[in-house]
Every structure is written in C-alpha cells, then in structure tokens.
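Can you build the whole structure from these sequences, using the hints too?
Heads up: the sequence lines are chains A and B, in that order.
According to our numbering, the residues represented by the first sequence are 54 to 143, in order.
According to our numbering, the residues represented by the second sequence are 54 to 143, in order.
Mixed in with the good hints, there may be bad ones.
The list makes no distinction among identical chains, and a pair is therefore deemed to hold if it is satisfied within one copy or across any two copies.
[To be verified] In silico DSS-like links for lysine-lysine, alpha-carbon gap of 27 Å or less:
| # | residue 1 | residue 2 |
| --- | --- | --- |
| 1 | K143 | K65 |
| 2 | K88 | K115 |
| 3 | K65 | K88 |
| 4 | K65 | K115 |
These aren't lab readings, by the way, just hints derived from the structure by calculation.
2 protein chains.
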Amino acid sequence: MAEENIVYIGNKPVMNYVLAVVTQMNSGVTEVILKARGRAISRAVDVAEIVRNRFISDVDVKSIDISTEEIVGNEGTSSNVSAIEIRLSK
Amino acid sequence: MAEENIVYIGNKPVMNYVLAVVTQMNSGVTEVILKARGRAISRAVDVAEIVRNRFISDVDVKSIDISTEEIVGNEGTSSNVSAIEIRLSK
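Quick look at the structure:
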C-alpha cells in the first residue's frame, strides 16, 4: 500500500497548506489526502490546484469525495456540515 | 445520451439552488451539473449533499472535477480562480 498522509485544511492562508503538501511529497510520500469542512472546502480546492499547477506537475487528483458530517455543539444541538476529501498522488 | 442541465452556483441562499436541481430532476432530467467558482465551491458541495440526503435519495454523485480558470479584469489584469464541477445523476 502506498504511504499516505492527511492534511486538514482550516482557516490559515492557502500557501501554508500548499507548503505542507509540497514538503510531504518531496520527502517521499506518494499520496496526500486533503480534508476540509464547510467554508474551508473552497480553500482545499485551491490547495490542490496550486500544488499541481505551480509546484509538482506530476501530481494527479486521484479522487474527490464529498460527504456530510454532523457537528454536535456544546449544548447538545447538532448541525450538518459538508466535507470534502481530495486525494492527491504522484 | 442522457439529458443534462447545468446549474451555476453563486451567492444566493443554498436552498435556491437545491430547489433548482430538485425541480429539474422531477421534470425528467436525469443528469444535472453543478458549477461553481471561488468561495461558491463550498456552497456547491452543500447543494449536492442536501439534494441527495434530504430530497432525492436515488441521486448519485457521478463525478467531481476541479480546475483553475483565469479571470481577466477590467484593466487587463488576470487572476486565477479554482472551479468545481459536480455531476449528479439518477
């Protein structure tokens, strides 16, 4: 099985995550999974696009999955949030 | 070839787009493509998830593609924006 690593995309600047992915791939990891929820989903797509267009041209988007996750708040209330998983490999 | 329709996701409330997709599918369209750019990407994922979890349970996400589009501004400056295309079919 290929080595793989997960990068969680949050609210930091896009380039922080791009750097994390590029560093991992340059250290020999062949597969990186980007995970994001809610508004960070757009940023995850940006990270994938910037990595493959500007940094590592032999990276492919192997698969993209979307799902719904349930978030339970402090008072026991729950709400649904969309999530994305982008699998990059080279 | 299956009939298909495109729904462009912008800045309106999510349920507007959900309604557009549900209406099309109920009128006999078997495939709807959601297209979004930039920050609207998260909303496109929300639309896909809400349609299949709450409204039409036999809808599948057939494919998801991401890309980069170049936007040329008024003064000839250009910038890149990420885009997503989510193909829903039943």
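Evaluated hints:
{"no.": "1", "hint": "K143 <-> K65", "result": "within (25 Å within a copy, 37 Å between copies)"}
{"no.": "2", "hint": "K88 <-> K115", "result": "both (14 Å within a copy, 20 Å between copies)"}
{"no.": "3", "hint": "K65 <-> K88", "result": "both (14 Å within a copy, 25 Å between copies)"}
{"no.": "4", "hint": "K65 <-> K115", "result": "within (25 Å within a copy, 31 Å between copies)"}
Hint compliance for this structure: no hint is broken.
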